[in-house]
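Respectively, the protein sequence lines represent chains A and B.
Take 0 as the starting number for the first sequence in numbering that gives the first Met the number 0 and just add one per residue.
Take 0 as the starting number for the second sequence in numbering that gives the first Met the number 0 and just add one per residue.
Calculated from the structure, these hints are not laboratory results.
None of these values were measured; they are calculated from a predicted model.
Do not take every clue at face value.
Unchecked claim - Over 10 Å on every C-beta distance to chain A, these chain B residues come out as not near it, computed from the model:
#, residue
1, Val-16
2, Ser-50
3, Arg-75
4, Gln-80
5, Phe-83
6, Asp-85
7, Ala-198
Unchecked claim - Below are the EDC-like pairs computed for lysine to aspartate or glutamate, each with C-alpha atoms no more than 16 Å apart in a straight line:
#, chain 1, residue 1, chain 2, residue 2
8, B, Lys-186, B, Glu-154
9, A, Lys-183, B, Asp-122
10, B, Lys-184, B, Asp-122
11, B, Lys-184, B, Glu-30
12, B, Lys-184, B, Asp-205
13, A, Lys-183, B, Asp-205
Claimed, not checked - Each pair of labels, with its calculated beta carbon distance range:
#, chain 1, residue 1, chain 2, residue 2, range
14, B, Ser-98, A, Trp-260, 55 to 61 Å
15, B, Ala-113, A, Ile-52, 49 to 55 Å
16, A, Gly-121, B, Asp-63, 31 to 37 Å
17, A, Arg-28, B, Ala-113, 37 to 43 Å
18, B, Gln-17, A, Pro-139, 46 to 52 Å
19, B, Glu-185, A, Arg-130, 51 to 57 Å
20, B, Gln-17, A, Gly-121, 21 to 27 Å
21, B, Ala-113, A, Ser-196, 53 to 59 Å
The C-beta atom is built at its ideal place from N, Cα and C for all residues, glycine as well.
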Amino acid sequence: MTNAHPTAPAHRTPQFLTATRNILVFLARQPTSLFGLIVLAVLILVAIFAPLIATQDPITQDLNNALQSPNAAHFFGTDELGRDIFSRLVYGARITLTVIFLVTIVVGPIGLLFGTVAGYFGGRVDTVMMRITDIFLSFPSLILSMAFVAALGPSLNNAIIAIALTSWPPIARLARAETLTFRKADYIAAARLQGASPARIIWRSIVPMCLPSVLIRLTLNMATVILTAAGLGFLGLGAQPPMPEWGAMIATGRRYMIDSWWLVTFPGLAILSVSLAFNLLGDGLRDALDPKQMNRR
Amino acid sequence: MMKPLSIHNLSVSFGAVQVLHEVSLEVAAGECFGLVGESGSGKSTILRCASMLNDSWSGTVEIDGRNVREMPVRDRCRTLQMVFQDPYGSLHPRHSIRSALEEGLRVNGIGDRAERMAQAMRDVGLPVDFLDRYPHQLSGGQRQRVAIARALILEPDLLFLDEPTSALDVSVQAEVLNLLVRLQKEKGFTYLMVSHDLAVVDHMCDRFAIMQHGHIVEILSREAITQGTATQPYSRELIGASLEYERAV
Numbered sequence: 000m001t002n003a004h005p006t007a008p009a010h011r012t013p014q015f016l017t018a019t020r021n022i023l024v025f026l027a028r029q030p031t032s033l034f035g036l037i038v039l040a041v042l043i044l045v046a047i048f049a050p051l052i053a054t055q056d057p058i059t060q061d062l063n064n065a066l067q068s069p070n071a072a073h074f075f076g077t078d079e080l081g082r083d084i085f086s087r088l089v090y091g092a093r094i095t096l097t098v099i100f101l102v103t104i105v106v107g108p109i110g111l112l113f114g115t116v117a118g119y120f121g122g123r124v125d126t127v128m129m130r131i132t133d134i135f136l137s138f139p140s141l142i143l144s145m146a147f148v149a150a151l152g153p154s155l156n157n158a159i160i161a162i163a164l165t166s167w168p169p170i171a172r173l174a175r176a177e178t179l180t181f182r183k184a185d186y187i188a189a190a191r192l193q194g195a196s197p198a199r200i201i202w203r204s205i206v207p208m209c210l211p212s213v214l215i216r217l218t219l220n221m222a223t224v225i226l227t228a229a230g231l232g233f234l235g236l237g238a239q240p241p242m243p244e245w246g247a248m249i250a251t252g253r254r255y256m257i258d259s260w261w262l263v264t265f266p267g268l269a270i271l272s273v274s275l276a277f278n279l280l281g282d283g284l285r286d287a288l289d290p291k292q293m294n295r296r
Numbered sequence: 000m001m002k003p004l005s006i007h008n009l010s011v012s013f014g015a016v017q018v019l020h021e022v023s024l025e026v027a028a029g030e031c032f033g034l035v036g037e038s039g040s041g042k043s044t045i046l047r048c049a050s051m052l053n054d055s056w057s058g059t060v061e062i063d064g065r066n067v068r069e070m071p072v073r074d075r076c077r078t079l080q081m082v083f084q085d086p087y088g089s090l091h092p093r094h095s096i097r098s099a100l101e102e103g104l105r106v107n108g109i110g111d112r113a114e115r116m117a118q119a120m121r122d123v124g125l126p127v128d129f130l131d132r133y134p135h136q137l138s139g140g141q142r143q144r145v146a147i148a149r150a151l152i153l154e155p156d157l158l159f160l161d162e163p164t165s166a167l168d169v170s171v172q173a174e175v176l177n178l179l180v181r182l183q184k185e186k187g188f189t190y191l192m193v194s195h196d197l198a199v200v201d202h203m204c205d206r207f208a209i210m211q212h213g214h215i216v217e218i219l220s221r222e223a224i225t226q227g228t229a230t231q232p233y234s235r236e237l238i239g240a241s242l243e244y245e246r247a248v
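Just chain B, same shape as in the assembly:
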């Protein structure tokens, strides 16, 4: 089941500072949408608000026409999951992989746990006997796969990816990105992905928004990166800088 996401006039203030200024965007069902911008431009805040990790915001966020604020917690959890930036911080250091995966199933009263956990491990390409390991016994890439498995296990329709590869080695980045692309093909996820690496966006996303100071500067399609069709000066600057950097590398 593919579900669209629509964010309308999302505004957030932390104290006196307004972090997001009436941000609106539409993500089509089954699409991968990227959010790009410099640090502090409010990319991750959009994910945290839309997933209700932060609930002091104004505006509306709808998944498939349903307001996230009005969705019961369990429905929301089974519709929307998130993969965090740092796989070293997103897995509980004292929980084995088994209990990390089982937790979501228990909370939501889902049966068939052993079978579902094994399936989730196979989905992310990890051996099933890794279930009895602890996070400190895994590499960064393996941890991120576990974090993805934890998101998958509740069978969501929408995955928020908060810079899922920026804490990983370059070679491992490609593996994880390919895994995410494969999963999207297999399961028909809708992705909303934060990144500040335009190469990652180019690889994954159909469209992306460029953000600055809590505003969306411009929404572009993937081709805009190579063809240079961005119209706003900031977007041109950002894309130009990124291409230059890649040439230098």
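Same shape as in the complex, but just chain A:
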């Protein structure tokens, strides 16, 4: 028993990999989260291979072919400037993914940091940090992001900044609530007795415990991010013409909606299916990462 296996150190990476595989298998087993996974995979593939998939350039105008209904040459028809809607949707996937990605990598760490620090230290630190969070939470997030974009000037980057600024407080709240439940746990006390600094305890002991619920929340949040980005685009505060942003496409197509239904329908369906996919995926993740479900597997 005492002689160590020669393969012992190699066990450590597979532990992480098997966990990921287990979660993916679990997600694939349920139809709803499987739908989420598939849509997400399609979205990523489309964004990566946009130049290969798109049949035409998304910003080249062709006024002779304006407002054509869906046909063999233009799968989803053309818009008021003769641009191919299918190609614009394909390129728009890139914009959507960029927004989601940037917002998530900004919001996740900020929310996690704020929440765990406030929860771990408690007392005055907690009060100050949570009141700041409350200020952000007290405005509807779309209104607040509109105010930010209006102040910063309308552009896609500013829309991303504005969305990030308004969507970290729920994450911080969640991380704080999680931290409060185990900051008195014996393993935290043991870490303190080993001389670990607060920063080290937060990073090594608390963050790993908060991570599953934060990941779930971030995934569910992505649907809101897409809708907010599309909303800002629709109001002309997000991506600027001629960028093929889905919300902006609906905004311009609105004027021709009565005669040319395809202008708003296809971008709308794209927004609907992607945000629905993220919601279903988040729900599936919640089941997959729930410790009670883990035991059942």
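Guided by the hints, dock chain B onto chain A, whose structure is given.
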């Protein structure tokens, strides 16, 4: 190196409630000293205060003549460690045994980690390849051994034991207690142990204090349990009740 512990006039209040009233006790170097009393009598609070997990108390706690408040954190960590009551709560569920043991070494900048971790595992009677397991893959007794190994790895002189066996099965309790006795013989630890099981105290401790409502009622030697030399009514009652319970079992 055996080091004595002395606690003098330790008082703690949580809000309006005073939990400890000027508690004083002396633990000789290499001794095992027990703290016994009903729930809420302040036994564990003494450990938490003396180990600085709770630092809002008054009085003095000295280890080998050095005030714990004035000791640098690293010195304190390498002098004093604690084993917690519940091995299910004292090990981080997402850290492997290896990272649980390595953490203390890393924090304190101690080299030779692999060798020290293997040694700590051997000391507590666990196979070295358990290092790559996670707490949920171990039994309660094995977890408590890991928790003891984690305390040992910083080579402390003083171990605080907060009811180290009360969450374990009776058969496993004996194993862990024997392990603690063996370690004390080998390494010369000074133990301060909280328990509410007088049989455990009888097995382990040289002397023990009986506590009630945050006061030390009486400090007795181990023989007092069987010979009935306790003088205070509360101590007699507690010891009598415990002996009766054991006879009934």
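Consistency of the hints with the structure:
1. Val-16: 18 Å, holds
2. Ser-50: About 6 Å separates Ser-50 of chain B from the closest Cβ of chain A, which leaves it inside 10 Å; violated.
3. Arg-75: Given that some Cβ of chain A is not farther than 10 Å from that of Arg-75 of chain B, nearest at about 8 Å, it is violated.
4. Gln-80: At roughly 6 Å from the nearest Cβ of chain A, Gln-80 of chain B sits no farther out than 10 Å, so the non-interface label is violated.
5. Phe-83: Per Cβ check, Phe-83 of chain B is inside 10 Å of chain A; nearest 4 Å; violated.
6. Asp-85: 6 Å, violated
7. Ala-198: 24 Å, holds
8. B:Lys-186 with B:Glu-154: 9 Å, holds
9. A:Lys-183 with B:Asp-122: 29 Å, violated
10. B:Lys-184 with B:Asp-122: 12 Å, holds
11. B:Lys-184 with B:Glu-30: OK: Lys-184 of chain B and Glu-30 of chain B at ~10 Å, within 16 Å.
12. B:Lys-184 with B:Asp-205: 13 Å, holds
13. A:Lys-183 with B:Asp-205: This hinted pair is violated, its Cα atoms lying about 32 Å apart.
14. B:Ser-98 with A:Trp-260: 55 to 61 Å: 58 Å, holds
15. B:Ala-113 with A:Ile-52: 49 to 55 Å: Holds - the Cβ-Cβ distance for Ala-113 of chain B and Ile-52 of chain A, about 52 Å, lies within 49 to 55 Å.
16. A:Gly-121 with B:Asp-63: 31 to 37 Å: Since the Cβ atoms of Gly-121 of chain A and Asp-63 of chain B sit about 33 Å apart, the hinted range of 31 to 37 Å holds.
17. A:Arg-28 with B:Ala-113: 37 to 43 Å: 40 Å, holds
18. B:Gln-17 with A:Pro-139: 46 to 52 Å: 49 Å, holds
19. B:Glu-185 with A:Arg-130: 51 to 57 Å: Check passed, 54 Å falls within 51 to 57 Å.
20. B:Gln-17 with A:Gly-121: 21 to 27 Å: 22 Å, holds
21. B:Ala-113 with A:Ser-196: 53 to 59 Å: 24 Å, violated
Checked against the numbered hints given earlier, this structure breaks hints 2, 3, 4, 5, 6, 9, 13 and 21; the rest are met.
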